[in-house]
Amino acid sequence: MLKISNVSKTFNPGTVNERKALKGIDLNVKKGDFISIIGSNGAGKSTLFNALTGAFLVDTGSIILDGVDITDMEEHKRYRMIGRLFQDPMMGSASAMSIEENLYLSSGENGWLGRISEKDRKNFREKLALLDMGLEDRMKNPVGSLSGGQRQALTLLMATYHVPKLLLLDEHTAALDPQTAEKVLDITKRIVSENNITCLMVTHNMQSALDIGNRTIMMNDGKIVYDVEGEDRKGLTVPDLLNFFKEKAGAALDNDRMLMVN
Amino acid sequence: MISLLQTALELGLISSLTVLSLYLSYSMLNVCDLSTDGAFTLGAAVGAMVAIAGHPYLSLAAAMTAGVISGFITAILQTKFGIDSLLAGIIVNTGLYSVNIFVMGGSSLLNMNNTETVFSKMKNLLKGTAFQSVSKLVVVIVAVTLVAAFLILFLKTRLGIAIKATGNNPNMVRSSSINTTSITIIGLCVSNAFTGLSGALLGQYNKAVNIDIGTGMLTVALASLLMGRLFFKKHGVRMGVIGAIIGAVLFRLVYTFALRLNMPAYLLKLISSLIVIIAIAGPYFSNKYKTGLERKKLRREERVDA
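Residue numbers (the numbering used here), protein chains in the order written: chain S, 1 to 262; chain C, 1001 to 1306.
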């Protein structure tokens, strides 16, 4: 499904600010995989996502998504196949525009000169109702008036409006309060499983990294240092993960947030 | 007095087309298009040349096309050539000065006293009817109505929504698999078409085009746009478009009134600059003042608590 081979990226090469953000990443993702990714700050998790979506071009290696080589593809073209959510709920939707306008843009219905039809509105209403946040009655309201959780749920709806081949979740619940985070995570799990979407999720929460999905990857210093799935993954505990990290990275986790069990 | 008001209304409506152009580029796309002055003159020059060649209707289409080309170049410079958007506008504006003189056949002044224009056509058409005395106004109202209706419909299409979104959150637009570069290019092409039309109409209205006809137009239009916004704070495309037109007319009325009070005409540009400064800096300072008051109040309450 997704084959990342020997992908490397160095920022500001040859300067004092040189930073090797990705060092020969190899990753094979099967269709329907739900992979949780953990790692300390600066490990390269978000950089890996940026490489996949084309925010920059990689220095070496190739990225093949569903048989298509997307290594040098333009950013907006990749988003035809990839959906992405960011940690910041403000990133994924346009605050000055209404909910229906935001949905309309990602729906891509009716061509460039088409306008929102009653049929579109009915579709939007049905999809919004499934979020169970009351957004279906506020379709004309500007997105800027929504809470972080509502915006993140809306973004999720937009990113999966046309089922993407790959969904990237970049700590998308980290900026929400625990209750809302749980709700958004439940919606995520439902949408992903209903549509059998292949999904990569960066999380700071070690427990949910083990609870959610079928495979867990640990990144450190631009490399994948640990990759576990199937029987090996069952019965793993957070202390196990911390020990693995120490072993693989040669240092304790420096990210306090990751130690939070909740 | 009535004729003075009528003239103010006509001139205000003509400049409202440039204000609508800025409504699209500045308010929606969030690009301050500094090539506006040059594009306005370009529209006036092209419109005049084509009219002088004997095609009064075609002159307006030609002026709009010239605007599209100018907007296209400004947009390409800022999206594909890595030139900052403000700088791209300034560069195009400077270059247009030469282009405009070239279009005007090497002269810096074109006279249309004996030329058939859209205004003279309408005057002949309405001769002997009750609308004879307002023939110029009719032309301008038709043009503004068409452009405003187009803009309102346009901003509700997927393309229009994408323009709005590109100005608001380009990241989200790319995530919706839309190319923000193309959207910016289309937006600036459409907006400059309006500017070109505005210039052509003013040239034909004045029966003359001077190389300086567009100088300061951007600031005047921006002042009008911001004045219009004062009256229509509520968002929404229709109100925004109507507000822009009202702002343009209002600006012209205030200017006419000031002239009646013996204000020298050359002060127009200084006043438009002051209005833009007040309209942008005003809300900034009032916010600062308000937060300052709140902070003082909080501090006072703390002292009382202590």
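It is worth saying that the hints were derived from the structure and are not from the lab.
All C-beta atoms in this analysis are idealised placements derived from N, C-alpha and C, irrespective of residue type, glycine included.
A few of these clues could be false.
Using 25 Å as the maximum straight-line C-alpha spacing, the simulated BS3-like pairs for lysine-lysine come out as follows [as the list claims (entries may be wrong)]:
#, chain 1, residue 1, chain 2, residue 2
1, S, LYS30, S, LYS246
2, S, LYS77, C, LYS1080
3, S, LYS127, C, LYS1156
4, C, LYS1080, S, LYS122
5, C, LYS1080, S, LYS119
6, S, LYS30, S, LYS165
7, C, LYS1156, S, LYS77
8, S, LYS77, S, LYS30
9, S, LYS140, C, LYS1080
What follows is a list of derived Cβ distance ranges for each label pair [stated by the list, open to error]:
#, chain 1, residue 1, chain 2, residue 2, range
10, C, LYS1290, S, ARG19, 22 to 32 Å
11, S, SER147, C, ALA1149, 50 to 60 Å
12, S, SER147, C, LEU1087, 32 to 42 Å
13, S, LYS77, C, LEU1087, 23 to 33 Å
14, C, LEU1086, S, SER95, 21 to 31 Å
15, S, ASP59, C, CYS1032, 31 to 41 Å
16, S, ASP132, C, PRO1283, 37 to 47 Å
17, C, CYS1032, S, GLU247, 51 to 61 Å
18, C, LYS1290, S, ALA129, 32 to 42 Å
19, S, ASP72, C, LEU1087, 49 to 59 Å
Now the stretches of chain S that chain C is said to cover, found in silico as 3 or more residues with beta-carbon under 8 Å [as the list claims (entries may be wrong)]:
#, segment
20, 8-22
21, 79-89
22, 92-99
23, 192-202
24, 236-247
Now the hints, each set against the structure:
1. A C-alpha spacing of about 28 Å is found between LYS30/S and LYS246/S, which places the hinted pair above 25 Å, so the restraint is violated.
2. Simply put, LYS77/S and LYS1080/C have alpha-carbon atoms about 17 Å apart, close enough for the 25 Å limit, and the pair holds.
3. About 22 Å separates the Cα atoms of LYS127/S and LYS1156/C, which keeps this hinted pair within 25 Å; it holds.
4. For a cut-off of 25 Å, the pair hint linking LYS1080/C to LYS122/S is broken: about 39 Å separates their Cα positions.
5. Of the pairs offered as hints, the one joining LYS1080/C and LYS119/S is violated, with about 38 Å between alpha carbons and a cut-off of 25 Å exceeded.
6. About 11 Å separates the Cα atoms of LYS30/S and LYS165/S, which keeps this hinted pair within 25 Å; it holds.
7. For a cut-off of 25 Å, the pair hint linking LYS1156/C to LYS77/S stands: about 24 Å separates their Cα positions.
8. In summary, the hint linking LYS77/S to LYS30/S is supported, as the alpha carbons are separated by about 22 Å, within the 25 Å threshold.
9. Restraint check for LYS140/S and LYS1080/C: not satisfied, since their Cα atoms lie roughly 35 Å apart, outside the 25 Å limit.
10. Distance hint check: the CB atoms of LYS1290/C and ARG19/S are about 43 Å apart, inconsistent with the given range 22 to 32 Å.
11. Between SER147/S and ALA1149/C the beta carbons are some 37 Å apart, a value that contradicts the proposed interval 50 to 60 Å.
12. One distance hint, 32 to 42 Å for the beta-carbon pair SER147/S and LEU1087/C, holds here, with the actual separation near 39 Å.
13. Take LYS77/S and LEU1087/C: their Cβ atoms lie about 29 Å apart, and the range 23 to 33 Å holds.
14. Checking the proposed 21 to 31 Å range against LEU1086/C and SER95/S shows it holds: the Cβ atoms sit about 24 Å from each other.
15. Restraint check, ASP59/S to CYS1032/C: a C-beta distance of roughly 36 Å satisfies the suggested window 31 to 41 Å.
16. ASP132/S and PRO1283/C have their C-beta atoms about 38 Å apart, which keeps the hinted 37 to 47 Å range intact.
17. At roughly 56 Å, the beta-carbon separation of CYS1032/C and GLU247/S lies within the given 51 to 61 Å, and the hint holds.
18. The hint said 32 to 42 Å for the Cβ distance between LYS1290/C and ALA129/S, and at roughly 40 Å that hint holds.
19. Between ASP72/S and LEU1087/C the beta carbons are some 29 Å apart, a value that contradicts the proposed interval 49 to 59 Å.
20. Counting residues of the segment 8-22 of chain S whose beta-carbon sits less than 8 Å from any beta-carbon of chain C gives 0, not enough to reach three: the coverage restraint is violated.
21. Look at the segment 79-89 of chain S against chain C: 4 of its residues bring a Cβ nearer than 8 Å to a Cβ of that chain, three or more, so the hint holds.
22. Taking a C-beta to C-beta cut-off of 8 Å, the segment 92-99 of chain S contributes 6 residues in contact with chain C, enough for the three needed, and the coverage statement holds.
23. Counting residues of the segment 192-202 of chain S whose CB falls under 8 Å from any CB of chain C gives 0; the rule of at least 3 is not met.
24. By the rule of at least three residues with a Cβ nearer than 8 Å to a Cβ of chain C, the coverage given for the segment 236-247 of chain S is violated, with 0 such residues.
Of the hints listed earlier, those the structure fails to meet are numbers 1, 4, 5, 9, 10, 11, 19, 20, 23, 24, in rising order.
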